[in-house]
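Let chain A serve as the given structure and place chain B on it in line with the hints.
Number of protein chains: 2
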Amino acid sequence: MDAATAALAPPRPSVDQLLALAERDMAGVDALILEHMDSSVPVIPALAEHLIAAGGKRLRPLMTVSAARAAGARDDAFRKLAAAVEFIHTATLLHDDVVDSSTLRRGKVAAHLIWGAPSSVLVGDFLFARAFELMVSAGSMRALEILARASRVISEGEVLQLTRSHEITLTEEMYLEIISAKTAELFAAAAEAGAVSAGASEHTIRAFRTFGMNVGIAFQLVDDALDYSGAAGALGKNPGDDFREGKATLPLLYAIARTGAGEAAFWNRTVGDLQQDEADFARAQQLVTSTGALAATMDLAYDYADRAKMALAGIGDPVWRSALCELADVAVSRSA
Amino acid sequence: MDAATAALAPPRPSVDQLLALAERDMAGVDALILEHMDSSVPVIPALAEHLIAAGGKRLRPLMTVSAARAAGARDDAFRKLAAAVEFIHTATLLHDDVVDSSTLRRGKVAAHLIWGAPSSVLVGDFLFARAFELMVSAGSMRALEILARASRVISEGEVLQLTRSHEITLTEEMYLEIISAKTAELFAAAAEAGAVSAGASEHTIRAFRTFGMNVGIAFQLVDDALDYSGAAGALGKNPGDDFREGKATLPLLYAIARTGAGEAAFWNRTVGDLQQDEADFARAQQLVTSTGALAATMDLAYDYADRAKMALAGIGDPVWRSALCELADVAVSRSA
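Those protein sequences? They're chains A and B, same order as listed.
Per our numbering, the first sequence starts with residue 51, numbered consecutively.
Per our numbering, the second sequence starts with residue 51, numbered consecutively.
These are calculated hints, taken from the structure and not from any lab test.
In this text, a Cβ means the ideal position worked out from N, Cα and C, and glycines have one as well.
Don't take every hint at face value.
[Unchecked claim] Per the computed footprint, the stretches of chain A lying under chain B, defined by three or more beta-carbons under 8 Å from a beta-carbon of chain B, are: (1) 113 to 121; (2) 126 to 136; (3) 142 to 149; (4) 204 to 212; (5) 305 to 317.
The following block holds chain A by itself, in its conformation from the complex:
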């Protein structure tokens, strides 16, 4: 955003309050992550470190930690679940980048371009298995059930995306089904597992699951919007990747609907047939913006963030709850 816009904007939401509350727990989670990504096979920690130590926002383990603390956890077994959640997430990133042939991830060259796709596939498997070892050591069969199910739903979402998302006639409903599975399910399971680990009531567990699910949907909507409006630096990946892959995300689907017959030939060629030249992405950006498709996508993201915050009304510790509501706002305030 430029200086004039920034001056008018309300103070930017941040996870600072939440990170301060969760500082000790998150340091514990980081220590677990470092410890468990180690292996006697040298390429494994090297590749894992490339992605994990590179940072990322650790939003998903923060979900688990915050839900557990907000629900009054009395031991720190949830830290192992939080580390497991980050491992599951990292494993899916490694496999995704192979599947999509992505070149940039978390602002760095994608791992498969350095170590090769075979290593990325196998180290993803390693991290996935490590996640389950961590969950076993956390000792909650119910948390295991939640995260095993989430892992399965994520893979179903990925396959669904792979087989369906190039259809320019994709419905908004199917788009939401895909992002709920491939992205939001892990946010939901992360929060749910944290609450379960704290021994929360069924009512509280459900509330945290709903919170995580809605934050996750908002997060992916913004991610898909940023692919048309962001800069590589803030995004940590290349803007325009979705368009160049012909991925029918919501900004694109809205723009296609709003431009009607007038641009049908353009969309059919660039997205339907993946016949693109250099100037096409700029044209798509222009259409996504001028039709209000981008703004409508962001409006929907704000709507899901609001639903997330409403789900926590009256739930758990008020200090943690307020910090978690900031997290929901942060999920939608990312920009480039």
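What follows is chain B alone, placed relative to chain A:
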């Protein structure tokens, strides 16, 4: 083998006795496999069925079932563990075939050549996650621990193979470390988890783990030997694949050691530099056979099968034990 050899040979060991004993349990395992490979995302059951329904010998789930029954299981929760073991195995096959760019698996075109590598990677992830869902429903935290650890060790073995197995100076010790991890660990964990599920003593659990580990090593040694001596029909994959990939398996390592300086140029070119022409595999087969490298590999396999049988001495139900000893013999008597 030709007719004359067949007439002199002792009766071929078979798993018929074991399959008869385990018939009901294995039918139950098959039903669980079919039920849990289903998904609302159509490509998933299609791809999974291609590999799973195609058969394979189900040796690993048979290990779990037999260990559980031999150790006196009083419920059938072990069937879920057996189905999970087959899912873990199938997931690794799917990822392996992508990693190795294999063209043939279980006598059929490899899945990634039909559905693409991305689908194979993601459906592997699906099956892996399903395996953990099945294990959770089996309800044994210790069995979960064993199979989560095994999954991690397998991925380490695969990475080790990927990064080290093209070295023609690989030691026999390192070769055994690789096959113990990538192949034998799942046999070991399959048998161990079965015994655990039956509530067996620590002594019995350890015996079954040792049995599975040694059967697994024997099995892989024979697999690596068959790559130089087998026919595609019996093998279910293409003979010569290991040589053409420059994979330093034991028959090759023995042949390299036994041919000495005289063939160093041949091995350096074909395996070290992967510069091969059509006739090279035949030449390698001839050297692996004439130096006795193939026979020495098979001798080692028989040795491990004997160790497996010894591990079960005095352990569990004698009828099941005798059938399991046949399974150890079958692991080494496969031929083409």
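Hint check results:
| no. | hint | result |
| --- | --- | --- |
| 1 | 113 to 121 | violated (count 0) |
| 2 | 126 to 136 | violated (count 0) |
| 3 | 142 to 149 | holds (count 4) |
| 4 | 204 to 212 | holds (count 7) |
| 5 | 305 to 317 | violated (count 0) |
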